[in-house]
Amino acid sequence: MPDVQALVNDFVLKIKRRKIEGSQATAKHTAELLRQVVSQQRITYTNQAASLIDAVKAVGEQLIEANPVELAIGNIVRRVLHMIREENVSSAMSAVEELALGSDDDEAEHDNRMGLSAAAVAAAARSTLRAPSLQTLLEDIPDSATAPHPPSSGGDSEGKNKSAAESSSRNKKLKHDVIEAINELIQEIDTCHELISAQAVEHIHQNEVILTLGHSRTVKEFLFAANEKKRSFRVFVAEGAPRYQGHVLAKELVGKGLQTTVITDSAVFAMISRVNMVIVGAHAIMANGGVIAPVGINMVALAAQRHAVPFVVLADCMDYGQLGDSPPIRVENPAFDYVAPKLVSLFITDMGGHSPSYVYRLIADYYSAEDLVVRRKSAP
Amino acid sequence: MEPRRPPRTVSDPKVRQVGFVTPAAAPPARTVSDTAAMPAAGASQELPLSGSSLSPVMIPPPRHDGLSARVTALLPVPIAATALRLDNLQIRVGSYNQSEVLLGTPPMTSPSSRIEDAVSEFSDDVSASSLYGRTEPDKVGTAFPGRSGDLMPAKSVVAGGSIGSHTPENPPTASLVVKALPGITEKKRGMLEKQHDEAAAPKPLKEKTTKAERRALQEAQRAAKSAAKEGGGADPTNTKKDKVVKPTPQKKDVPEVAASSGKKVDRPLEKERKKEVLPLRMQFDDKHKVEKVKQRAIVNQREAKSRVEFFQRLPQYVHGTQLQELEAKFFQLDAVHPSVYKVGLHHLSGKITGGNARCIAMLLAFKEAIKDYSTPPEKALVRDLNAKISGFVSFLIECRPLSISMGNAIKFLKNRIAKLPLSMSELDAKASIQSDIDRFINQKIIIADKVIVRHAFAKIRDGDVLLTYGLSSVVEMILVYAHEHKKKFRIVIVDSRPKHEGQILLRRLVAKGLNCTYTHINAISYIMHEVTRVFLGAASVLSNGTVYSRVGTACVAMVAKAYRVPVLICCEAYKFHERVQLDSICFNELGDPDAILKVPTHVESYLYGCMDNDNLQLLNLNYDATPSDYVSMIITDYGMVSCNQLLIYCSVF
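Taken in sequence, the protein lines are chains V and P. Take the first sequence: its letter number 337 is residue 337 in the UniProt record's numbering, and every next letter is one higher. Take the second sequence: its letter number 269 is residue 269 in the UniProt record's numbering, and every next letter is one higher.
Looking at chain V on its own, in the form it has when it is part of the complex (with noise of 0.2 Å):
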């Protein structure tokens, strides 16, 4: 497949040039990137999923390592694997019987504990998070009997695969979903901002003070959504320092209508018991509901925590995902500030409102286990 390693080259080298910015530019190139790779990939009649999970591996590792500063590739990365092995086994699971399919389930369960150490605790704590998470709670019944299953399916995949690979017309079947269900992933990540902004309305109210620092896609379409519903407010942009991409957002803030004042970065704290909330944009979000976000955010968090200010992130859907605890990525010139999750009020995603706390359970519902623990060998 010389022809997909000429595409990821091709974009390994635009995101080292920084031509591609932006976690959602990002995310879209990378989904479409990893589509063309699973199009592409040559069906082995055997062992269909593995064969697909490790071409994606292989390609998303390159990928992470042109920037590991970028979490958006690594987690467009894992949703793709995490939902190759989601279709795998709900197609398996079509053809296997129940009664089997129980006896497997904690065999695999077994096999996890036993093989690996750190991704066997990771696993076992997600398989017993996933149960109660709330979405699985309000479905019916059958989904969360099946809920438990993704975590585990990695490990068993192959044993399923095995057992279930006679059918050839399945196989095809699941290249074909997996090629659906990253085409849906694309269209998620254009929608989110959508969804987001969508809230806008019940968050902003009319002669608010909104005070947000540098340029985010999501917070801007989240100002205009509630500009459009006539609210009336004012907002405050601190520049955001080294790149001043602040400047940028109160242009277009401004073009819009909008009452914008921008102020320095030093002046925040200035500034700040005036204001009625905080809005900024999110580049990651841990699984302990911290946030990677622009350099200076974490002084606007302080502040805020100070005044009790609202400090509300938006989270686009490709944005979550780090399991640490760990403070800043070192890089030279910080680019990002880590926020403590007690600095957080809020998060607004695209299925909505979410404290710090919940953080974890969107996480689980998006990828799988095992993923995480290939991240970390593939970019460590």
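Since the hints were made in silico from the structure, they are not lab data. Among the clues, some could well be false.
[Said to hold, decoys possible] Okay, derived cross-link-like pairs now, DSS-like style, lysine-lysine, Cα gap no bigger than 30 Å in a straight line: (1) V/K19 x V/K220; (2) V/K173 x V/K220; (3) V/K19 x V/K256; (4) V/K28 x V/K16; (5) V/K256 x P/K598; (6) V/K28 x V/K173; (7) V/K14 x V/K175; (8) P/K292 x P/K342; (9) V/K16 x P/K598; (10) P/K598 x V/K220; (11) V/K57 x V/K173; (12) V/K19 x P/K598.
[Claimed, not checked] Heads up, incomplete: computed chain P residues facing chain V, CB under 7 Å, no partners named: (13) N522; (14) A554; (15) A562.
[As the list claims (entries may be wrong)] Covered by chain P, per the in silico footprint, the following chain V stretches (three or more residues, Cβ under 8 Å): (16) 238–250; (17) 254–263; (18) 268–280; (19) 299–306.
Heads up, the beta-carbon is just placed ideally off N, CA and C, and yes, glycines get one too.
Position chain P against the provided structure of chain V, taking the given hints into account.
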């Protein structure tokens, strides 16, 4: 209560001029607008000044070094006097706290309530007098025991004078009251007393709790006084007392002296009450006033078009437009001395920045101006020079709002001028003022800085990583001093837009061979991990412990606090101010908004093209207020103090 207020405000400027002075109470910014705002003041100003010329307190008191010696020398009963002095000090601190911080009632611990009462009256004028006028209270204090030794005949004068001054009439009545005093009827007394109490009412808690007590005391005092009067008669005692207290040449006849002394003792008392409400600043959202000021202005600043709502009341000018016009005016202006004019232009153009530098430049310019000054015929040096200085100050304010350091220095200077004895020849007076200015610069700024450097040096250990923000002259001195004394440490210089003062500091320190790291304020949370100490400069420390400093200081202190790094504020004591402030919005200075526009990474501003949009505003604050709980320690020339102790320092110095 209400109907009585207006007269009091009218008598206010009068009170300020009499005796001990106080341009201190009025900020230089007001002096111009005051006269315009209060037409009545113009008339009443004449009188008090003549009164003040009599005032025996006009001798320039020695500075507080020789204080204790003088006290003992002057006092007939040294022991009692020192006790009194202690009381005096202690109470004064209490009352200061109470009025400034609203901490509530300080407990009345003094055993001799009579003395306390009297003293608290006197102590009031202590705090009224400016920072450096410290010696006066002692003088009053010394005068007091002297009187009390004479069976307190002075008391009657004190009480009578005070009552007289509270009545909403003009000064002559005060002397009338004093003359009438021996024959004063009980009824009138009661009435006056009531007024007195009412006048006292606006004072917070402490006064209230002791009102009954005070009344009893006053009754007792009055009884004692009348007894004394029967024995001695008012006039002789007065003169005697005056002789004891002040060796000023007395040209006027006795009753007038009595009147003036009466005024002297208790005017400050009332003035003190007034003083608690700090004079208002010019509010720039008041269109009427702004117009008035504009008519008088020399500098025609164009007002910036778009203003941020929160800061409507602060002056917001288009910068850089008026500089050339002003330069052209240089040779036409008579009102402003060239040296002052130069300093004003430097302030305007930003050539001189920083609290200390601006203050020193201003004082030196004033010194020049005073050197060239000659009193016009038919005018008193004290008054004319004071007016002149006020003119200079208002010019400087037009150029750039005064820093608090400058405000304090101006207070000091005016105080000095007002206290010049009339008998002094013009030459001597000028020389004395000039040497005062020199001494102020030397003692309060240069030596103070040296002391601060020594103190701060003790706080630097080998291996420290020191963080500093912006460019503070004292912090720079500390770092250089520590480096010269072979301390091994690393410096992190944090900087912010748009001024980038830190780069100047960086350049200087690197040239001296110090190990520096330079970063932007946004990266502060990133860099704070490695920092062990934060040294910050301050424009002022307010009396509630709030540190008023260049914008961003609060952010740095906040992050330092979050990372548990000690924050040390270096500030000379002359920058302390009794004002209180809770946030940075109440009072601030607006910088040039266009300075924000230019972004270093881009040749052209991102905002290019939408500058005319009314929705876009640019806000460039110059200062912010750091809450006191972010500050671990304040290093002043009087030592290292925590913010809580600072309150005491504020009142003592």
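Okay, the hints, checked on the actual structure:
1. V/K19 x V/K220: With Cα atoms ~21 Å apart, V/K19 and V/K220 stay inside 30 Å; holds.
2. V/K173 x V/K220: Status violated; Cα separation ~40 Å.
3. V/K19 x V/K256: holds (27 Å)
4. V/K28 x V/K16: Distance ~16 Å between V/K28 and V/K16 Cα, so the pair holds.
5. V/K256 x P/K598: The given pair, whose Cα atoms are some 23 Å apart, holds under the 30 Å limit.
6. V/K28 x V/K173: holds (24 Å)
7. V/K14 x V/K175: Distance ~28 Å between V/K14 and V/K175 Cα, so the pair holds.
8. P/K292 x P/K342: holds (25 Å)
9. V/K16 x P/K598: holds (28 Å)
10. P/K598 x V/K220: holds (22 Å)
11. V/K57 x V/K173: Given pair V/K57, V/K173 holds - Cα atoms ~21 Å apart, limit 30 Å.
12. V/K19 x P/K598: Distance ~25 Å between V/K19 and P/K598 Cα, so the pair holds.
13. N522: holds (3 Å)
14. A554: holds (4 Å)
15. A562: Status holds, d = 5 Å.
16. 238–250: holds (count 9)
17. 254–263: Answer holds; 9 residues pass the 8 Å Cβ test.
18. 268–280: holds (count 6)
19. 299–306: Contact hint for the stretch 299–306 of chain V vs chain P: holds, 4 residues under 8 Å.
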